[in-house]
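Residue numbers (my numbering), protein chains in the order written: chain A, 1 to 415; chain B, 1 to 149.
Hints are supplied without guarantee of correctness; some may be wrong.
Here are some chain B residues pointing at chain A (derived, C-beta under 7 angstroms) [said to hold, decoys possible]:
#1 Val11
#2 Cys29
#3 Ala66
What follows is a set of in silico ranges between Cβ atoms, one per label pair, in the way DEER data are often shown [said to hold, decoys possible]:
#4 Asn26(A) / Phe22(B): 30 to 36 angstroms
#5 Pro145(B) / Arg115(A): 36 to 42 angstroms
#6 Arg43(A) / Pro122(B): 28 to 34 angstroms
#7 Gly144(A) / Glu101(B): 50 to 56 angstroms
Hints are computed from structural coordinates only; laboratory data are not their basis. Where is the CB? At the ideal position from N, CA and C, for every residue including glycine.
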Amino acid sequence: MRTDDTAAFDVEAVRADFPALDQEVNGHPLAYLDNGATSQKPRAVIEALRDYYERDNSNVHRGVHTLSERATAAYEGTREKVRSFLNAPSEREIVFARGTTEAINLVANGFVRPRLREGDEIVISHMEHHSNIVPWQMLRDELGAKLRVVPIDDDGALDLDAYLAMLGPRTRFVSMTHVANSLGTVNPVREIVEAAHAVGAQVLLDSAQAVPHLAVDVQALDCDFLAFSAHKVLGPTGIGALYGRMEHLESMVPWQGGGDMILAVTFEKATWNAVPYRFEAGTPNIADTIAMGVGLDYLREIGLDRVAAWEHDLLAYADERVRAIPGVRIFGDAPEKSSILSFVIEGVHAHDVGTILDSEGVAVRTGHHCTMPVMARFDVPAMARASLAFYNTRGDIDALARGIEKVRDVFRLNR
Amino acid sequence: MNDLRELYEEVILDHNRNPRNFGRRPPECNRAAHGHNPLCGDQVEVSMTLRDGVIEDIAFDGEGCAISTASASMMTQALKGRTGKEARSLFDAMHAVLVEEAEPDHDRLGKLAALLGVKDFPMRVKCATLPWHTMEAALEGRDAPVTTE
Ligand SMILES: Cc1ncc(COP(=O)(O)O)c(C=O)c1O
Numbered sequence: 001m002r003t004d005d006t007a008a009f010d011v012e013a014v015r016a017d018f019p020a021l022d023q024e025v026n027g028h029p030l031a032y033l034d035n036g037a038t039s040q041k042p043r044a045v046i047e048a049l050r051d052y053y054e055r056d057n058s059n060v061h062r063g064v065h066t067l068s069e070r071a072t073a074a075y076e077g078t079r080e081k082v083r084s085f086l087n088a089p090s091e092r093e094i095v096f097a098r099g100t101t102e103a104i105n106l107v108a109n110g111f112v113r114p115r116l117r118e119g120d121e122i123v124i125s126h127m128e129h130h131s132n133i134v135p136w137q138m139l140r141d142e143l144g145a146k147l148r149v150v151p152i153d154d155d156g157a158l159d160l161d162a163y164l165a166m167l168g169p170r171t172r173f174v175s176m177t178h179v180a181n182s183l184g185t186v187n188p189v190r191e192i193v194e195a196a197h198a199v200g201a202q203v204l205l206d207s208a209q210a211v212p213h214l215a216v217d218v219q220a221l222d223c224d225f226l227a228f229s230a231h232k233v234l235g236p237t238g239i240g241a242l243y244g245r246m247e248h249l250e251s252m253v254p255w256q257g258g259g260d261m262i263l264a265v266t267f268e269k270a271t272w273n274a275v276p277y278r279f280e281a282g283t284p285n286i287a288d289t290i291a292m293g294v295g296l297d298y299l300r301e302i303g304l305d306r307v308a309a310w311e312h313d314l315l316a317y318a319d320e321r322v323r324a325i326p327g328v329r330i331f332g333d334a335p336e337k338s339s340i341l342s343f344v345i346e347g348v349h350a351h352d353v354g355t356i357l358d359s360e361g362v363a364v365r366t367g368h369h370c371t372m373p374v375m376a377r378f379d380v381p382a383m384a385r386a387s388l389a390f391y392n393t394r395g396d397i398d399a400l401a402r403g404i405e406k407v408r409d410v411f412r413l414n415r
Numbered sequence: 001m002n003d004l005r006e007l008y009e010e011v012i013l014d015h016n017r018n019p020r021n022f023g024r025r026p027p028e029c030n031r032a033a034h035g036h037n038p039l040c041g042d043q044v045e046v047s048m049t050l051r052d053g054v055i056e057d058i059a060f061d062g063e064g065c066a067i068s069t070a071s072a073s074m075m076t077q078a079l080k081g082r083t084g085k086e087a088r089s090l091f092d093a094m095h096a097v098l099v100e101e102a103e104p105d106h107d108r109l110g111k112l113a114a115l116l117g118v119k120d121f122p123m124r125v126k127c128a129t130l131p132w133h134t135m136e137a138a139l140e141g142r143d144a145p146v147t148t149e
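Produce the complete structure using the sequences and hints provided.
Right under this line is the structure:
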């Protein structure tokens, strides 16, 4: 679909671009509300994958023949697309990785590890995804560093004062989620970065849940690193990107060796390739990288302002509909929220909620959402989570509300 | 659609609301094991008093969905007073229906047949079998926690 800036958002036209949305599940039209786990893909992305394999398939950076040239141009062209999507100064500051998880691990091992001394502190928050907890625990345990965890309040908002008080001369690195995947909290990342810089620490933003929903500008945020996964933002699984400030990337050692990451190899030594190739050892995920760029183009054409406005309205509607149902408890009520509604139904385990919603064609995530500390913080074993995308409608939310009524009905809570 | 009413039968809901032999360990408990479903976070502990090969008492504790809670609750009722061998054979009979798609042997399964609705919900079968795997580990005196993965 094509839209100009003044046109109203035409959700039906958008939906027509997503083949997977057009299906029935268990006799009901699919209401796909699990976008936080992974988004559906527009036809353009699916076709980009097919086109690549049908026309351009060859290895990149290696051949002089036409196909290799085409593949390399499309692959490297994606670096420019990601650069412009994040407003990074240079496309050499974009490193392709398997996703957010790999990007965080790359920074932990390539940037933080060589700088970390015993007693140094790494700061994260209580609302992190496991992928932004475990890599730091591993470094902590190996190198005798400390992991400091910024608390969250009952609304799921970050305790900014506690964060500021935590920063000091021992703070080596801050790694913080931009938008929390189980609570929807949008963190004050600009302030977080500024305060960390004031004590000489660098900051990585886990923007896996931010990039699909709000315009992200790494220069305005002034962050040192930023990671996201393509599959949550219309692209394929197994690919994503890390933005890293050039001076940091230049200072980093590679963490995997192999082809493509070197300039010259003798048995005595290898000379590393330039940034970012130094961090991309081996034949990369070419087709999915190219398709990731196509997904970002699609989103940009719709416009993140329009996406944010639509989702904001839809989240408010969902909150109102779901909150009105007796026995439902919603988690995450931060002043700034995006696209996520997590809840439990009193007396019913989230797993049962998921099965009954599925019987109504409603797809939600149930469980701990890879945020077990958040479950512990709110003292529940699991939550159900509806997570929105711009192609969702009020009809999807109505189906969710009907599904929750059905849960209450099956569990005899309505009498 | 697979029938939700069969999955959430009245008996299941009742055992979920009022689990039997729950939240305690038998007074002279000498066997216990811990089970965990990392996918959904379900936790169960099954403990028993085993004397001369007979399960004199059995109880469970933990946190889980309706299916796993009801399965554990009904299991403790079914196994009290049985030999370890009978317990295993009952689990085999359940497993055959839930995992290997065998026809249910109603004479053998008795009330446990109410749990069989879960066979049409492949994502939920592990919820029903977790307490049984854990019971088996307790019988064998295994220390390592049981997981569904
Ligand atoms: C906030 C957040 N961080 C990190 C991840 C990990 O992303 P991936 O599994 O694509 O590496 C996710 C997605 O599950 C997420 O929601």
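Hint by hint, here is what the structure shows:
1. Below 7 angstroms, beta-carbon pairs count as interface contacts, and Val11(B) has none with chain A, the closest being about 13 angstroms; its hint is therefore violated.
2. With a least beta-carbon distance of about 24 angstroms to chain A, the hint placing Cys29(B) at the interface is violated under the 7 angstroms criterion.
3. At about 5 angstroms, the closest approach between the beta carbon of Ala66(B) and any beta carbon in chain A falls short of 7 angstroms, and the interface hint on this residue holds.
4. At roughly 32 angstroms, the beta carbons of Asn26(A) and Phe22(B) sit within the given window of 30 to 36 angstroms.
5. Look at Pro145(B) against Arg115(A): about 37 angstroms separates their beta carbons, and that is inside 36 to 42 angstroms.
6. Range check, Arg43(A) to Pro122(B): Cβ separation about 30 angstroms, and the 28 to 34 angstroms hint holds.
7. For Gly144(A) and Glu101(B), the Cβ-Cβ distance of about 53 angstroms falls inside the hinted range of 50 to 56 angstroms, so the restraint holds.
The structure is inconsistent with the numbered hints 1, 2, although it conforms to all the rest.
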